[in-house]
Structure formats: C-alpha cells, structure tokens
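Full structure from sequences and hints, please.
In case you want the letters, here they are:
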Amino acid sequence: MKGLDHHYSDTDDDFEDRLRAMLRRRAADVHAEPPDWQDLLDRSNAVVVSLETRRPLDGPFRARRRRWTWLRPALAAAACLSLVMAAGIAIGRSTDQPGSGGSADQPSGPASDGEQTLAAAGSASFRPATAAPLYPEGTDAQFQAEVDDALATAEGAEQAAGTLGLEALADPEAVAKDYLASVGIEDGSPYTLFVDTPVDADRLDDIGAGTGRLVATTTVWWSLREDDGTSDPPMMSMGYVHLRDLISPAEVAAPEVDGIGREAWVVVGAATRGLDLADVRREGDQVHFAVTTYQGHEPDYDTTNLPVQVEVNDQVISDRSLEPNEPQEFTASVPTDEAATIRLQQMGGEQPLSVAETKFLPASDSTDGGSSTDPVPPAAPPTPEEGVGQAVLGDGCAPDLSLMLTLDLPSGFDTTAFPGDGQGAETSGIPCLSYFADPSDPARTIVVGWGEPGFPVYELRGPTCFPWGETDEGALVAVRSAPFPIYLFATGVSHDDFQQAISSSVLSGSEDWTADEGC
Amino acid sequence: MEGNAARLACVFMAMNALSVDVPAPVPWDAALITVYQDRYRDLVRLAYLLTGQAAVAEEIVQDAFLASHRTVDRLRDPYAYVRTAVVNRCYSWGRRLKLERERRPAPADPAELVADEMWDALATLSERQRTAIVLRFYEDLPDQRIAEIIGCRPATVRTAIHRGLRELRKVIDR
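If you read the sequences in order, they're chains A and B.
Positions in the first sequence are counted from 1; adding 205 to them yields the numbering used here.
Positions in the second sequence are counted from 1; adding 125 to them yields the numbering used here.
Hints listed in this document are in silico derivations from the structure and should not be mistaken for laboratory results.
What you are looking at is a predicted structure, and each value in this text was computed from that prediction instead of being measured.
A portion of the hints provided could be inaccurate.
[Said to hold, decoys possible] Result set (SDA-like, lysine to any residue): computed pairs, CA atoms no more than 25 Å apart in a straight line:
1) B:LYS295 to A:ARG231
2) B:LYS295 to B:ASP265
3) A:LYS382 to A:PRO341
4) B:LYS295 to A:GLU378
5) A:LYS382 to A:GLN514
6) A:LYS382 to B:THR249
7) A:LYS382 to B:ASP265
8) B:LYS295 to A:THR546
9) A:LYS382 to B:ARG291
10) A:LYS382 to A:GLU221
11) B:LYS295 to A:PHE220
12) A:LYS382 to A:ASP218
13) B:LYS295 to A:ARG230
14) A:LYS382 to B:VAL296
15) B:LYS295 to A:MET227
16) A:LYS382 to A:ASP519
17) A:LYS382 to A:GLU516
18) B:LYS295 to A:ASP542
19) A:LYS382 to B:ALA246
20) B:LYS295 to A:ASP519
21) B:LYS295 to A:GLU391
22) B:LYS295 to A:ARG223
23) A:LYS382 to B:ALA205
24) B:LYS295 to A:VAL400
25) A:LYS382 to B:LEU250
Here you go:
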C-alpha cells in the first residue's frame, strides 16, 4: 500500500515499498489486547513511572510534571555548578596567577565602569539564539548573509545546498560531532563518544533578542566513555554543545532542494561537566575570565586533577592542573576590534577529554545582543502578536515543587488562529502546540507548572517547550524558557490581554516562586 | 461497547462523588474508551515499531491512555491526541534508553529473532529519523502532521526522512 505520493528516495521507489511492507509485517506480529479499562485506571501511575511522574496538587488542578530521568542528574550537576559559581563570586577573585605567564596570563584588575560583562556557554545568561558561531569556521555574519541571499531564489537555494554546504549542516547531531572531533573529542580507543539531542530539541525556537526574528536552537549532549565492553561503560566526561539554526523558520516557505529541509546548524557554544568558564569580562584590549574545575556528578572519574588547557584565540595561555572548586582568573590581550574565543579543555595525556568554548564578539559587532548579560534585552514577540505573551521572572528558584504560574485570562478566547488540528501553529512561531482544545466560555484560570524539586528553574536547560493541556477550562498553554524570560502562549487571546494577564498574575501569583538570585 | 462505556462512566462518577480524595470531578468521555477498545492494538503496534520492544510498547500505550484520560473532556480527536502522546513517549523512551545504554542494545529475545535486515537497520537510526519514517511509511501521515506530532518543523521531518532512508540504504547495502 502506498498512502502518499511524495517519495523521498532518489531513484528506488521499490525501497520505500519494501520498507512499508516490512513495517506492516512487523506490526502484524504484535498481538496485544487492552486490559480492562477500569483495571487500567486502578493501576494508574504504576505504568512507566520512569518516564514521567505525576503529583497531585492542592486545589482543583492536577499538574503534570515531566521527569526527565536522564536529565535529572544533569540538572543536579548544573545546580551544583551554579553553586560553585556563586561560591566563587563570594570568595572573591583569586590572586593566584596560573599558567605559563606572558602578557596573556596576568591577573585581572578590579572591574571598572567601562568593562563589558559576557556570558559563556553554560551560564544561565548565555543565549544560544544570539551567540557568535564557533563552528564550522566561516559561519559568521557574512555566511549568514550569503545564506539569506541564496535562499531568496530556487537557483540560489541549489547553490546554497552545494556551494555553501548547507546539507552538511542540516543535522545538528552531526554538526556537533564534527565540532567535537575538531577539538579532539571523537570516537576511538580507548574512549567512545556518544551524542544525543535532548528531549524537545529543535522544536524550541527561540526569539532573537530585539529582532523579532525566530531562531531555532538546540542542545546536543555528549559523553565520552571508556570502551570496557560492558553495558554501562564508565563515563570519563560529559558535556553539551549549543547549536543555532542560521535559517529562520520564516524562510521555510522558500523552495527546497532535493527534499532537504532548510536547516543550517552551527555550533555557538560548548560546556562540560567539571569545567566551568565564567565571569568573562572585556575591558579594552583585555579579556578576563575565571576557570573552575569541580567533580561533576555523572562522570565516573574524578578529572579535577587533570591539566586544563586554556586557549584564547588558539593561543595556549595555560596548561596545568587547577585547584578544584577554586575559581582561577586569567587575562588575555585581544585587540578591541577582534573576537575573543576562549576554549578550555581537560587533557588526559594528549587526549582532550572535554571542551568548554565560547566566542565573544567585539562590542562594536555585538549588534544582535550577542553574549552580553548586561542586561539581556527583552525578546520581541513573534508576529502575529496575537496569543503570545512573555513573563520575565528574573532569577529565582522553585524549591521542592513545580513552579506554578496562574494566569487569569480575560474572556474572548477562541481558537480561530489555530484550529483544533494545530494548523497555523507552525507559522505562528509556536511550533510546539500540536493540539488545541475547544474554546470555552469567558475568563478562565490556566495553571502552568513544571520543574524538578530542588533545582533552580533557570537551570532548566533551555529553551524548553512544554505543550500544556491540563487546565480547568480546556485552554492550552505552552511554556518556553530560554531560560529567561519565560514565554507563554495561548490560543486566541490578544497579545495585550495576555501580556496584561501575565503581568498581573504570574509575577505576583507564583505560589512557589522565590525571587532570590542566590537560592 | 457503548453500554460498557456508559456503565464505566457511571461507576467512575459515583466513585468521584463518594471519594474525598479526588480533588476535582474527573472528566469523562466515552469516546476515549471507544478509542481504547478499538485502537489499542494499533497504537501498541505503532509503539512497537518505534521502540522495538512489545512489552515497552504496551506500557507506553497504557500510560498514554491514562494521561489522556485526565484531559478527556477536552479532546476533540481522542485518537489523534493519544497517538501523539504515544509517539512522544516512545521518543522520550528511546532517547533515555539511548543515553543510558549508550547504543549498546540489550540482547534480543530469542523468541523475537527474525532475520530482517531492514528491521535491524531501522534500529540503527536516530530516534527522530526512526519516528519520522514510521509515521510516514506505516501511518502514512503527511509531513505537516508528523511535524505536529513530534514537535518540529515540517522541513525537519523531511530532512529526517530523507537522511533516514539514506542511512537505511547504507546499512542494507553493506
């Protein structure tokens, strides 16, 4: 049977037919009978609890919380990392002068008014949507401009796929692996590299700060494991790579080339467990930053005793072990009109075991908001504005319970913009709303919740998108965190009304929200 | 079937009325039960194609129905909703399994061993590719619908299918 006419194979339709036949044959081998419905209800949460857990909440609502089993330890480590960072700030700047000396390895002076504070990958303020591309080389603004120009026409699109090599950038996991290989982290004895895109990857379009442009971002997690032949090989190191899609969803309507989707993923940052790049500042031609090593939760080996190779613009400025949990300050000279790329790698002999890297554009080039954390400009809502709002909660925690946001929305909801099958969501900038409930009567209360006990919400690796269907009246809201601000979307409500509802209820009505930066 | 649904509905509503532990009336819709009884096997088969494990597939489908049950009075198309829930759960399960076991597949159940190179090749694909291919070639869904189910752009679906087919060919041609 052939249901749809579109063929993906270049030449062999028979292959697709064989695939269909195989799938139907295998499916037919499964004989399953449904348990009695009431028995199923009685069993309730006993099923697949490792995937998801539910927690009844006080009041008339029952919120679902996603439990990402595999992500939880990552969050724990992230929380640990933030504590280490906070501790480092509290301790103050180290007077230790690490490294091999030279003009690029001097202790930094006190901060001055003219300095520019920057966010490195791994920090809560890092914004993949606007960060400078690291890899592949050449994926800079000029490349972006060429892509934009090329996609304007079908002929240009062909050129883009070929000359510009867009096809090679279509798979974020492949790009991440290429990047890791370029810094020496790849498959091969004695270690094996594993990569995986996290849940909700690339459905999570972020909003380009101040540009009104939708930008897709994703995060690829990786781990380097000892190849010991067991089913659970020891983990040497673990980290993640931030990627950004150069091609805006607004360009999806442009002609396609050979069935290849319009994606061009580039690496914009890398972070790793046990190796923290933070407190990055740029002052004139001086770039200051702090490096901290710590024992991450997941890796099975303590790598804190390994030497850390510190590079700025490919120049090694230090290659020695650092005191664990003690931020070590470095300073490098970089001309004011040049970008500064800081790369940290823990070395097991000649073998790099980890990488943390961020590229910081000179202040004059940071027109897109880039890496500045001072402050992060509010993101412009996508167009159309209807049904989109945002809430800026600031730093804080939701200890021991999900963050709960209660929105008292005005009347006038309808699903005109996005009918029940979700049509329209794709172009609305709300890519994750796949289901829309029936409209119901006037004002309703929507409860949105997520979180993991004990973790600062801002440490949820973002952006994250949560379709949400459990409300008292049936409206649906999705939440995106980037990690801040938090974007809330609802069907049918005007932007102004929704914004007002958020402002009046979310900021003041978050029962479990603790607006405390250090919590 | 309809009578059974109504009977179960009455039982459940009565339970709700008597119970002080249930915080709010639980929504109810016989349509979901109809889907459960009529399409359970179809969904298990879909989940099996996505996970490769029949037992896991059943658990996932049951979990999806339970989750859907809580929102049942808002479901315009219960089958589509549950199917999306099943796919998302399979997707999450696959990712978690992949990370936890790191590409080291558990030994196959001898009873399930069948010489099927294309089936084996399917298991080597990424979760995204496998999901997109199964939804496309088993469920015969268009790209737009697949994109809505797995939560990405249609262009991403096309890329996943295109690359997935290419990978399948590679594996089989070896």
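Status of the hints after comparison with the structure:
1. B:LYS295 to A:ARG231: At roughly 21 Å apart (the allowed maximum being 25 Å), A:ARG231 and B:LYS295 satisfy the hint.
2. B:LYS295 to B:ASP265: holds, 23 Å
3. A:LYS382 to A:PRO341: Judged against 25 Å, a Cα distance of about 11 Å means the pair holds.
4. B:LYS295 to A:GLU378: Roughly 18 Å separates the two Cα atoms, so the pair holds.
5. A:LYS382 to A:GLN514: Since the Cα atoms of A:LYS382 and A:GLN514 sit roughly 21 Å apart, the hinted pair holds (cutoff 25 Å).
6. A:LYS382 to B:THR249: holds, 17 Å
7. A:LYS382 to B:ASP265: violated, 32 Å
8. B:LYS295 to A:THR546: Roughly 38 Å separates the two Cα atoms, so the pair is violated.
9. A:LYS382 to B:ARG291: holds, 19 Å
10. A:LYS382 to A:GLU221: Judged against 25 Å, a Cα distance of about 29 Å means the pair is violated.
11. B:LYS295 to A:PHE220: This hinted pair holds, its Cα atoms lying about 12 Å apart.
12. A:LYS382 to A:ASP218: violated, 31 Å
13. B:LYS295 to A:ARG230: holds, 22 Å
14. A:LYS382 to B:VAL296: holds, 20 Å
15. B:LYS295 to A:MET227: Distance of about 17 Å is within 25 Å: holds.
16. A:LYS382 to A:ASP519: Answer holds: A:LYS382 to A:ASP519 is near 20 Å, not above 25 Å.
17. A:LYS382 to A:GLU516: holds, 21 Å
18. B:LYS295 to A:ASP542: violated, 47 Å
19. A:LYS382 to B:ALA246: The hint holds at about 21 Å.
20. B:LYS295 to A:ASP519: violated, 38 Å
21. B:LYS295 to A:GLU391: Judged against 25 Å, a Cα distance of about 22 Å means the pair holds.
22. B:LYS295 to A:ARG223: holds, 15 Å
23. A:LYS382 to B:ALA205: violated, 35 Å
24. B:LYS295 to A:VAL400: Satisfied, since the Cα-Cα distance of roughly 20 Å is no more than 25 Å.
25. A:LYS382 to B:LEU250: holds, 16 Å
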